[in-house]
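Fit chain C to the given chain H structure using the hints.
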Amino acid sequence: MQENNHIKDSLRKTIRTFFNVLPIIVGMLLLTSLLVTVFPEQISAGLFGNGDILDTLLGASIGSIAAGHPLASYLLGGELLGGGVSLIAVTALVVTWVTVGIVQLPAESLLLGTRFAVYRNIISFIAAIGIAFLTVYTLRFFGLN
Amino acid sequence: MPKQQVKSSRGGWLFLVLTLLAYMLLGLANPELTVKALTFFTHVMAQVLPMLGLVFLLIFIANLLLEPKRVKRYLGKESGIKGWVTAVLGGILSVGAVYAWYAMLSELKQKGMRTALIATFLYSRAVKLPLLPLMVHYFGAVYTLVLCLYLIIFSVISGILVEKLSNTKTNKR
Numbered sequence: 001m002q003e004n005n006h007i008k009d010s011l012r013k014t015i016r017t018f019f020n021v022l023p024i025i026v027g028m029l030l031l032t033s034l035l036v037t038v039f040p041e042q043i044s045a046g047l048f049g050n051g052d053i054l055d056t057l058l059g060a061s062i063g064s065i066a067a068g069h070p071l072a073s074y075l076l077g078g079e080l081l082g083g084g085v086s087l088i089a090v091t092a093l094v095v096t097w098v099t100v101g102i103v104q105l106p107a108e109s110l111l112l113g114t115r116f117a118v119y120r121n122i123i124s125f126i127a128a129i130g131i132a133f134l135t136v137y138t139l140r141f142f143g144l145n
Numbered sequence: 146m147p148k149q150q151v152k153s154s155r156g157g158w159l160f161l162v163l164t165l166l167a168y169m170l171l172g173l174a175n176p177e178l179t180v181k182a183l184t185f186f187t188h189v190m191a192q193v194l195p196m197l198g199l200v201f202l203l204i205f206i207a208n209l210l211l212e213p214k215r216v217k218r219y220l221g222k223e224s225g226i227k228g229w230v231t232a233v234l235g236g237i238l239s240v241g242a243v244y245a246w247y248a249m250l251s252e253l254k255q256k257g258m259r260t261a262l263i264a265t266f267l268y269s270r271a272v273k274l275p276l277l278p279l280m281v282h283y284f285g286a287v288y289t290l291v292l293c294l295y296l297i298i299f300s301v302i303s304g305i306l307v308e309k310l311s312n313t314k315t316n317k318r
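Chains H and C, in that order, are what the protein sequence lines are.
Under the working numbering, think of the first position of the first sequence as 1, with each following residue one higher.
Under the working numbering, think of the first position of the second sequence as 146, with each following residue one higher.
So that you can see chain H by itself, here it is in the shape it has in the complex (with noise of 0.2 Å):
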């Protein structure tokens, strides 16, 4: 009888976490659409070439801003490389795609409280310029690249 009312009380919590999440999810899912096809790719591809401080800046920016599938930042990344892009700016592109999420960022705030969300952004953002520079020295630095 108990084990009854725990299944009934924990789908009762799901059904109710279900309806709150759903106009959020749907609302995420419309703004990325709406705005992978305004802004598309290529238009980023024209943008770099000024540095590698300013295009890892870039690289940075278009990555936090993008909202499509982790799988289209490597063809950005591997295209931009074959450009002449540096692979700081392309690294830095490739982190921040997975780790900031500008379009997410309301249906994070929602969920996880705007403060995580707003502090979680800018560590990602500055995390993933780290990262970048990181990952290129080590790899200068042993000669593998």
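Hints were generated in silico from the structure; no laboratory data involved.
Fair warning: there could be bad hints in the mix.
What the hints assert, rightly or not - To be clear about the criterion: a stretch of chain H counts as covered by chain C if any three or more of its residues have a C-beta under 8 Å from a C-beta of chain C, and this derived list gives those stretches:
1) 18-28
2) 50-60
3) 70-78
4) 110-123
5) 130-138
Even glycine gets a Cβ: it sits at the ideal position worked out from N, Cα and C.
Below, chain C without anything else, positioned relative to chain H:
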């Protein structure tokens, strides 16, 4: 209903309405682009739906099996190294869209999951196991290995920083 849930419920509907308004405005300005965006939306939604089903099944199991006491022991303030390892591995192994996981983490937070471990979980999701062969193909094996190591290290650092900053603000109030 907890305060955070009421806030997210109202805010969620408002967010959806605002997004729909943006579509209406774009529809008036450029109907062709709006149809393109909606087609993209249905395509993505079809991909996300099975994942959402899995996440809600996990939420149901978590509600059924995870008592706040147990969550606090494994993912709370006292969880220690066990908590960090769980968060990093959980993030690496989690698949699908991140916003589906926000719901799960929000539930665990209410049951006592530590803020630092939520941030660590979200950061370590950057290590995408199923996509590693592709990353190796595009950037090389050594690059992939070095990048993944830094991502794991920074997932812990970012967790500590996010918790510190969030708590500093809360304590000042």
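Going down the list of hints, with the structure as the test:
1. 18-28: Per the Cβ count (11), the hint holds.
2. 50-60: Contact hint for the stretch 50-60 of chain H vs chain C: violated, 0 residues under 8 Å.
3. 70-78: holds (count 6)
4. 110-123: holds (count 9)
5. 130-138: Check passed, 5 qualifying residues.
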